[in-house]
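Enquirer: Chains as they are written, first to last, in our numbering: chain A, 751 to 1240; chain B, 3 to 1007.
The set of hints was computed from the structure by calculation and includes no laboratory data.
Some hints could be false.
[Unchecked claim] One-sided and incomplete, this derived list gives chain B residues near chain A with beta-carbon spacing under 10 Å:
id	residue
1	Lys600
2	His705
3	Arg711
4	Glu791
5	Met832
6	Thr844
7	Asn875
8	Asn884
9	Arg893
10	Ser915
[As the list claims (entries may be wrong)] Away from chain A, derived, C-beta distances all over 12 Å, residues of chain B:
id	residue
11	Met278
12	Leu322
13	Ala720
Quick reminder that beta carbons are idealized off the backbone N, C-alpha and C, glycines included.
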Amino acid sequence: MSAHNESILREPLITGTNITYSKITDDVLVPVENKPNMAWWIGFGIALTLALTWVVAISYTFWVGLGVWGLNKTVGWAWDITGFVWWVGIGHAGTLISAVLLLFRQNWRNSINRSAEAMTIFAVICAATYIIAHMGRPWLAYWVFPLPNQFGSLWVNFNSPLIWDVFAISTYFSVSLVFWYTGLLPDIATIRDRASGFRRKVYSILSFGWAGSVKNWQRFESVSLILAGISTPLVLSVHTIVSMDFATSLEPGWHTTIFPPYFVAGAIFSGFAMVQTLLLIARKVMKWENYITMFHIESMNIVIIVTGSIVGVAYLTELFVAWYSGVEYEQYAFLNRISGPYWWAYWSMMTCNVISPQLFWFKKIRTSIWASWVLSIVVNIGMWFERFVIIVTSLHRDYLPSSWAMFYPTPIDILLFVGSIGVFFTLFLLFLRVLPGIAMAEVKLLLKTSSDQAKQKLIREGTIDAEQAEYYQQSLEKFDSVSKSDYAKT
Amino acid sequence: MKSNKKYWKGLEELKSSSDFVEKNKNEFAEEIPLEDVLSEGGLNSVTPRRDFLKALGFGLGAVSLAACQTAPIRKSIPYLIKPEEITPGVANYYVSSFHGQSILVKTREGRPIKIEANPAGLFENTGTDAVTQAAVLDLYDVSKLKGPVLNKAEVTWDNMDLYVKGELNKLQASGKKIRLVSATVTSPSTKAVIADFITQFPNTMHVQVDAVSYSGVLQANAASFGKAVLPRYRFDRADVIVSVAADFLGTWIAGEEYSRQYVGNRNSKSLKKGKMSRHIQFETGMSMTGTNADSRIPVKPSEQGPAIIALYNEVTGSTLSGAEGLSANAVANTAIKLAAKELVQARGRALVVCGSNDVSMQTLVNAINSSLGSYGTTIDLDNPHLNYAGNDAVFASFISEMNRGEVGAVFLLNTNPAYSYFNARAFTDALSKVPLRVSFSDREDETASLCNVLAPNSNFLESWGDESAVDGYYTVVQPTINPVFNTRQAEQSLLAWSSNSQKNYYQYVKSYWEKNILPTAGKSWKQLLQTGFAYTGEKPAGTYVFSASLPAIAQTIVTQSKTLAKDIEIHLYQSMSMRDGRYANNAFLQELPDPVSKVTWDNYAAVAPKYAEEQGWSEFDKIEIKGANGHSITLPVLLQPGQARGTISIAVGYGREKPGQIGKVGENAYPFATSTNGSIRFFNTATVTKTGEKYELAQTQTHHSYEGRDIVRETSFASYVKDPHSGTGKHAGGHHEYDLWPEHKKIGHNWVMAIDLNACTGCGACIVACNVENNIPVVGRDEVRNRREMHWLRIDRYYSFKEGEKSVTEEKEIEKLENMDDISVVHQPMLCQHCDHAPCETVCPVIATMHSSDGLNHMAYNRCVGTRYCANNCPYKVRRFNWFNYWNDSRFDNYLNNEFTQLLLNPDVTTRSRGVMEKCSMCIQRIQAGRLKAKLEKRPLVDGEIQMACQQACSANAIIFGDLNDPNSAVSNELRNERTYYVLEEINTQPGVGYQTKVRNVVEA
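If we strip away everything but chain A, and leave its shape as in the complex, we get (with noise of 0.2 Å):
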């Protein structure tokens, strides 16, 4: 963004010798521009055909009736509105990244915006599959919108935080597309500008007629404020909105005040959780460590354990007030999710989201790739086990014991959410080979000022007090993709 020097004490934003312009477009675009690997064939051959199984299961479904899942007259909800809010919740990490850390000037956002919106987006998708999929009726699903219509002129409840949630989710929808491509204007053009043939026009018409200019980039850079300014209430409005769901209701176990707060926080957390599990493994297979470095693992991380420890609390916080409160109602519901027949799912939940998630206080753990990937994966089965703790284990007994049942998921309930995670790989991998994965634009912004060749530059300029320039080194140590050796005689 600017052209002055950046802190030495600061880490590197990208890491790397002989980093140019051109070497970041050449790293970036490899998938894009060239046939993909086996290792893409294998995960999109499994993503398909886990996409198919949804495609299997929801016809079924469809065609037969919901009673083909598990649900009965007591559990209205389970796994359908485990695995939307699940999805939304992932979907929460893009806008956070893009909008609010851009907003915030985090500039180490720019290496991993990219990847985490579109994640936001195939996430989001895969949320409405099951607003749809949950409803007896989804050829009727367009009744949920204000449409003008001749049934009498009917209109919707605006008193039902589902009508919310509709208009949550999909203004969330739209913005969050609307960013996406915006960024990815500047980035198309590049493609542009080195394909041929075929892919030139498609990518051309792509492109809106970016032409690199002064005036192009100033208007892009006022568009990616403004939107990020009106994402950044979404990001907190959706998860809140979604929370009401459930705290509007009556239901112990879902009627409480701390949702909002306590489901945004969660939705960062496993937001980030699966950013880190999808880039984790892009930036090995497509050798992106110089752009999403050791400091970007970290930093995510750090992230991971302030929201999972809000999260925790938020826990321990619902707890206190069931038993405050005095309402026997409401203390069987959580005394009931602690021992009762779920009490496995809510232990699941609490080693997952607020035992693990503590590890990443040692450094050691917190910058080893595998223990981040594991984890990040340990976050998201604790996450999906919150959503099924708050939605199955409040349903499933509440008020009257005469109507406290079980849920058990069947096969299908079981193949719909399998499935949908493979549509959502599917998208994703589609997405790493027809666009760059890596904000380019963005990154190379960074070169000059937040790189390490930047900032060794410095060093060997011997502008920078050693002591700082002591400490700037040892921070490198962290950074797999920093060998010492480059560096030995400095």
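Assemble chain B onto chain A, guided by the hints.
Expert: Showing chain B alone in chain A's frame:
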């Protein structure tokens, strides 16, 4: 006068030029260039723009018109000549009779769709039992025979008549015996037909046999008082009731009548008067009656005899030996002493009943009642019940007759001994020696399939006839539809075969009544058909004194008890829905949860939880039960709190081999019954082995304690007398209500309901009534296991236990209890509460559920998209979701998937498609019909004019519906009652259904 004026249309005509005349000869004055257009030149010419547009417009219009698909054609045939009494859309009611009680049959467009009690009927005929409610389904049962069958071939009735008559004449000549075997016939006309038949064929005898027999009671009364009758018990006159294993509110003799009498001394009206009867029950299995008792003490079958001896000793102060058989059961021992004291105090207002079919035990009970002065007060021997006259000994000798080859023909009417006789093998073997075997069964059941002549009897809804279940009370059966299948009334067949001078059974019934009954009752035939019954008056109940010698009887009881007191004791009982097994193919009854265990679609081995623990059995373990007589069945275990330890209770009526399409469920327990001293007793001893398999029973309720929650509120009678508010949880400040949304204004009506927990016995008639009225689908065993039954109205049943003075209601503490015998039960009907602050209404995204201006919570099926949010947010969990297209999906082939049973559907209520939520609508179709009727008659609605289906079916009047805006309505009165509380009122849902506290007449320590 001829006018010579000339009118002309134009100057040309006036001038009448020659070319004008020439032109005018043609139809079109100007020539149409048709030939030009159609010629080659014309066709090749360039189409002008206007023509093109015209053609385009026409073409488009034509195509789009042609493309409009016509709606699917459904042929309906309008009445060519409309029957005078049928107006489409308006129901007709006919009086008829079922199980000896007068009923109203609702028919729509000629098809019976619902049965109600005839409120004019005697004995406070305000409701029916579940079986009566469900009986209308049997009319359309496709498993029934479609016509007469002779030697496995379908024949015409005429051919069958020829054959049977021929055979009968041959038998007449050979002198072989003819036996007409039936369940108890209460119909005077049928009895007359049989008598005529006997006159024609004098070697005929009528053998009556009841699957569940009362011959022990009949014999005991004959021995004690010289009257072989089932007395009319008067629970309404009894202040203290002690029942030893008699399920008198359910399946024993006349459960509905007894329920009304019993509840009359315990409901809110009685409590208002400061009166409540006390009921002590000694029994083995947990019966519905037991759940209503104030004190209930589990006793083994082998302890029932000693208990009666002990009770006799305590009441009369005598010292019959045998009471020591109870010594092992300390609780029962003490309870007997206390019960005796209470009985004696209430002399003349006390009643002891016993469910056993054993002559000795019944005789001893007669002795107790006699010494309590019950005869003439609480027991009436002079207006007896006539509904069970079967004699076990006569049936046994009939089997020997067949075995000896003396019987040439057997006619089987309403009876199925091949299934329900304890020694069915003996019966079937003997039957095979009879050459002519005629069955009147409506289906090819276990017995009918052994017969060579199947002459299917018509359903009672297709028949003429009469019944007299209580002495002097005659009810008429009149048909409400032509026979659905090619069936014929059994009486008609008998008339035809005995060459009776009266060929027509309708005429026969009519003339019988005109000759024998109507003159005494002072009614005309027409009046009878309008009112449904005739009563020749109640005879004064005489007092009877017991004066036989007892030691020998006591000795018999002791001997019998000792034979029972080994291994594990089996107790057989009738379930509320299946009864003796004849309703096995009725889907409504199969899916009606048992009032106590809440199990549907199966029978099971009920075992006390602690005893099961000792034996190493857990719930749903399949155990093999081998009776002392060698019969063995495998059944799943059901842990039944309150069951006597060391016993297993099994329902008869299950395990039918040939009931029809859906009724083949459970295992047959009849063979465990034994014949002792000439009467069949439903006890045995057995050894049990665990098979290691599991079988999940389909229960509609799986959690049985109410966890100390405020949803059930109860008090003791003593506390109630001190403070009628006791137990309601009301406090000085009252209940604050807050509104977030604008308040619903209820101008006009405000429909609400009051449910008296002290009146509800838990029988479940309301559930079936609701099912039939509202076209609620039967979902089948697997879907019930999935917890997806569709019942809009359910009866929640909660257990609580007493440990010393403390009431234990929480599951965790119950698990720790040493003794689970002191059990209290509450039945709580639960349906949509029609909350003023309905949690379901705010959350529906598409406003498919909303509040009406008369206080109801509406459900617009058409608008529902099926998010199920409303059901999740309903604290009462009364909303039901259509997971599948239950009423039209071959996988749920329980009853609705054929053209016959679909005739049962109530046309006023839509069937719900898959993906739609449904729930209690407060029978909105009934409300609407009532309002329209009042409107047409230009008058305000009268309180009580509109009745809910559940309310109408409830014999106990536990449910009252009405308008809260009318301060004088019955429901307003009830809701003002001190006992009223609202379930979950603390969460401010402001329910429209109020409950009244359960009051138990327990002895306070």
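Enquirer: If a hint holds in the structure, say so; if it does not, say that too.
Expert: These are the hints, each one checked on the structure:
Checking Lys600(B) against chain A: minimum C-beta separation of about 9 Å stays under 10 Å; hint holds. Annotation: His705(B) was flagged as interfacial toward chain A, and the flag holds, the nearest CB pair being 4 Å apart, inside 10 Å. Taking 10 Å as the C-beta contact cut-off toward chain A, the hint placing Arg711(B) at the interface holds, the least distance being around 6 Å. With a cut of 10 Å, the hint placing Glu791(B) at the interface with chain A holds, because the nearest CB-to-CB distance is about 7 Å.
The interface hint given for Met832(B) holds, since its Cβ lies 7 Å from the closest Cβ of chain A, which is under the 10 Å cut-off. Because the beta carbon of Thr844(B) sits about 5 Å from the nearest beta carbon in chain A, less than 10 Å, this interface hint is met. Hint status for Asn875(B): holds, given a least beta-carbon distance of 5 Å to chain A, under 10 Å. A cut of 10 Å between beta carbons decides the hint on Asn884(B): the least distance to chain A is about 7 Å, and the hint holds.
For Arg893(B), the interface hint holds, since its Cβ comes within 10 Å of a Cβ in chain A; the closest pair sits about 9 Å apart. The closest approach between the C-beta of Ser915(B) and any C-beta of chain A is roughly 8 Å, which is under the 10 Å cut-off, so the hint is satisfied. Consistency note on Met278(B): stated as away from chain A, and its beta-carbon is indeed over 12 Å from all of that chain's, at 26 Å minimum. No beta-carbon of chain A comes within 12 Å of the beta-carbon of Leu322(B); the shortest separation is about 45 Å.
Look at Ala720(B): its CB is around 27 Å from the nearest CB on chain A, clear of 12 Å, so calling it non-interface holds up.
Going through the hint list in order, the structure satisfies each hint without exception.
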